[in-house]
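Student: Listed below, chain by chain, are the residues.
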Amino acid sequence: MSAPVTAAPLPQNVFMDRWVLGPKTQRVWGLNHAIWFTLMGIGGGVFLVGRAFDVTTELGRVLGLPLVDVVSFVLIAIGGVVLIADLGRPLQAWRAFRNVKASWISWGAWADLVFLTFGGLLMLPDLEIGDSTPFSGLGWESEADGAGSVMLVLASIAAVVVMLYAGAVLARPRSIPYWHSVAVPFQFLASSLAMATATVLVLVVLDGDDVTSGQAVTLAVLSAALAVSMLLHLTTDKEAPGKKESIDRLVRGSSRTTFLFVSLLAGTALPALLALVAAAAGGARNALVVVALPLLVVGGFLLRLDTLKAGIYPPVTMPSVPARRTRG
Amino acid sequence: MTRWGMVIDVGRCIGCQACTVACKVENLSPVDAWYAPVVEYEVGEYPDARMSYLPTLCNHCTDAPCVTACPSGALRRRDDGIVLADEDRCIGSRACMAACPYGALHLFEEASGEVLGDGSRGRPSLLEPYTAAGRIPGTVSKCTYCAHRIDFGTANGLMPGVDPLATPVCVVTCPAECRIFGDLDDPDSRVSRYTAERGPREVLRPDAQTGATTAYVGLS
Amino acid sequence: MGDDGLYVRAEDGVRPLVWDETDNTAKPFDEAPRTGTLTGTYEVAGRVVRTAFQTLKDHVRRYTPEYVEEVTTVPAETVKRLAREFGEAACIGQTIEVDGVELPYRPASVVWYRGLSAHKHSLLNGFAIILLPTLMGAIDVPGGLLGDPYSLKGKTPTREYEAPASPEGLIARGFIGGGRVGGVYPPRKVRAPETPEMFELLPVGPYGAVFYLLNSEKEEKYNPPPFPRMLIQYHSNMMKTSGPPDVIERFLKRIPFIVSITRRFEETTEMADIVIPDLHYLERLVPFTFQHYGAGDSPLSCYGAKPVVPSPFPGPKPDEPYVDVMQVLLEIAERAGFLPDLYESMNTVAQLKGEYRLDPAEKYSYAEMVDRWLKNEFGEDHGLDWHLADGLWTDEKSVKEKYPRPFVAARAQVYFEFMHAAGDDVRRVTKELGIPWETDDYQVLPDWKPGPAFKHAAPHDLYLVNMKIPHHALSHTHHNPMLRSISARHDDLRSIWIHPETARRRGIADGDRVLVESAAGRSQRATARVTQLVHPDVVAVQGCGGGWAKGANPDEVNFNALLNLDEEHIDFLSGALDSVIAVNVATIEGGRR
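Chains as they are written, first to last, in the working numbering: chain A, 1 to 328; chain B, 1 to 220; chain C, 1 to 593.
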């Protein structure tokens, strides 16, 4: 009758651990999700920022394609692979497109597809294989004309969704109060744009150019907006059931170092400061921006990972005379 | 219009877990998944302290966050209000699991083992009937309100909530009769009358605004 | 009753006298009006006598609510409130009509189990508690304690109504505790022991199980009958159920030959010389797994086990598709040459009649025997085929069967006079045998006496008690993987409950691993659950986990391993083993789990 005892992971449904009332920390989403959230955020952002700074065509090419776009595509593709690999049934991933009426993941899947399709088509005429450019006659030569501009608009909208949707997935249901806030998708968007900006600016530096003051100011503003949003979210509804436990974890608990010190201070506030200084100090500007990139990427990744880890469900009911059990 | 629902009288529950076990046997839920666990909590201070029990299950929400979150359309709400998971369509994104405030969705993880008496985890025979039943690893499953019993009943002239064979097994099994099932849209159904007489009707996590059809009396 | 504490009886020396106020004389109970005089002191044949009820009244006067508070810590006000509520709830004087019959309506009941009876002085506890429903008239009437099994003799559909009374005019079966401690009155004749349990020395005891262990430990002191040379153990795990496992292990090791008929390897099975693997009840054919022919207002019912899942032991013949232990035993009987005797025994035990009797000259399969047994019980239509297809038999009871007390002429006792003679009997026989025996508790009215754990000196000044787990049936279900899994989720089998203040004083935090140690030096490891649900002086263990057989978990708390098997903890009247232990609880160094 006995069973061989083997090491096995805990069930992802935390409500199955102990059948006692109490806050429960979700185990559904973790490291893999933080990785693809981050990669897709940077990827979508780089595509847009390169164009916003009008540097896409200047920063070197790979197989004839703009380096900025290649970086964007590669990051999103890797993110997509991580996403699919993490599914319970990766081979059924195509079904993710089905519930586009309601599900943000479906929106994300469509956004990834639209981005890769139209972004890819947009670049295709430039593709060089050997000495030939087999797709040069496709009929759109510039993003500014006809079909090209339509594809640019579609790809750009998709890029915004790609940066945003992971946050929206968390924010839409009310199950986890810390997540159920516009702050979460905003932070993911701001973090994506800040990381992407820094990435593009590092490419500018690597290309031998100088970062402009305006570009540095943009980076400073994005990073500062993220930092302010993080602070605001930590200080609003602090006592709400579930959110209180999430904030405790982030500010005082096991995520204190990674979230408060690394992500918020070193990974967001410090880069904002560096970018601000860079905007004013012409000589050191390039160096400061290069330093800001790894800080932002680490900070952005930990923002996502710690946000996931701080996903705490409040007790399903709050008896009028509270339970005294401390364990949950 | 029929809209199935349950009301649970918390004060009547004795914590015997008969519903929990009956559900597992009836639905062959995966090893780690218990669709209808009874949660315990302590109330008060000695000597006015007591142990209370909270029978739980899927709340079959009118505005079900799991249905909204599912990217593949594997979760759907039937016209009679029952929320079902279609394992064939499920891709294992687990978005539904995170979205549900009640922990009502369960991933069938092949690598998982049963929690044994010593708190360790093993791989006992419980897994086998589940895979033998044709369930698909990597997918999510959940409480169905015993839809198979309800559908059998309505197809054979039985009344769910009244006739045992047409009623969710947790309801039928409860020795304390703390679960009452029936048509919420029928003011004369057992569930409607019970709520009218013993109410008020309360739901879990009212802040989540899910429109739960599983409700409670005596919660607070 | 007279000064000697005995009933004043009629000239026949049997029938107690009652006082008849109508003519101020004492008369045999069956010659006086039923509404006799309850209280008072009178003179009968030159002797000053009192009514039994007066004696009870005088006796309980010393147990004031304040005294109870001192012993139990339950506030005197609460004691008074409970008494008032119980009395009011009993609705004295009210009646209710059931199926056209007007009956007393007494919705007040007392139900108890091990919490009261697994103690030193437990029989006195039982007498005290049964007085409550007795005084309220709340036994075997609507709303009251339903339990006396005296009403039904034999089995339906051939059942007969019976209301046995002793020559003394008292209800003579199961009167105390509604059958829970059946067989107390009239006391059995005491004689020299022939069983290892020494049940012969317990004239009012319900069982004597624990004495076989005491005798095994102290043979020279108690001079028991010859030690058993063989043990057949059937579907039970003595090592987990009967007392401290180390004592039971010593007992089992002394038995030269042990046969274990079992469904799984358990601690006791590991001690066996021969193991006969048996089927699970879902694989077996057993005609009467559950029989409810007894007390209460629920219908009479009966059902058996039947093979509904394939057996792991396929049988040799198509009509016996599996091997059941009954088939094994029948074959052993045949090979040993006593199969005809076994058939005769079966005829007697199952009361087989007419065509259903087993002919010792014939040979029957187990299935055929079951078929006859069932038909004999329920009629020609209810044989094996019926059992396999349906198998549930029920029958509603009549009002008289549900609520027999108003129909019983015999009287209930509030004064346990028979204890006097029973005690004398035990003293005489044990003196003859030359063995020490405790007889102080043979008293006619109950008293509270402190158990061995009461107010023990520090540090063993906590009371360790045992309680059930709602989702387990004692320890019988501890092996069930589903229930084990539920247990793990409540951490019930590994935990002890301790009050926050008590835990704080001992430096124990919720979730700490702790050592529970009895004053006798026995110990168990546990996880502390700091909770308001328990008295500050009490530490509670749920169920009885632990063990060392395959599949058992030694990390769980084995409550029985903390029990003390000695004279101080054994009730010599009932054979109960005291299950409140004086313990200390302390953290295990580095014990945070």
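Hints were generated in silico from the structure; no laboratory data involved.
Wrong hints could be hidden among the right ones.
Just some of the chain A residues that point at chain B, by a computed CB distance under 10 Å [unchecked claim]:
(1) 20
(2) 120
(3) 177
None of these values were measured; they are calculated from a predicted model.
By construction, the Cβ of each residue, glycine as well, lies at the ideal position given by its N, Cα and C atoms.
Student: Next step is simple, just say for each hint if it's right about the structure.
Tutor: Results for each hint:
| no. | hint | in the structure |
| --- | --- | --- |
| 1 | 20 | holds, 6 Å |
| 2 | 120 | violated, 23 Å |
| 3 | 177 | holds, 8 Å |
Consistency note: the structure conflicts with earlier hint 2 alone.
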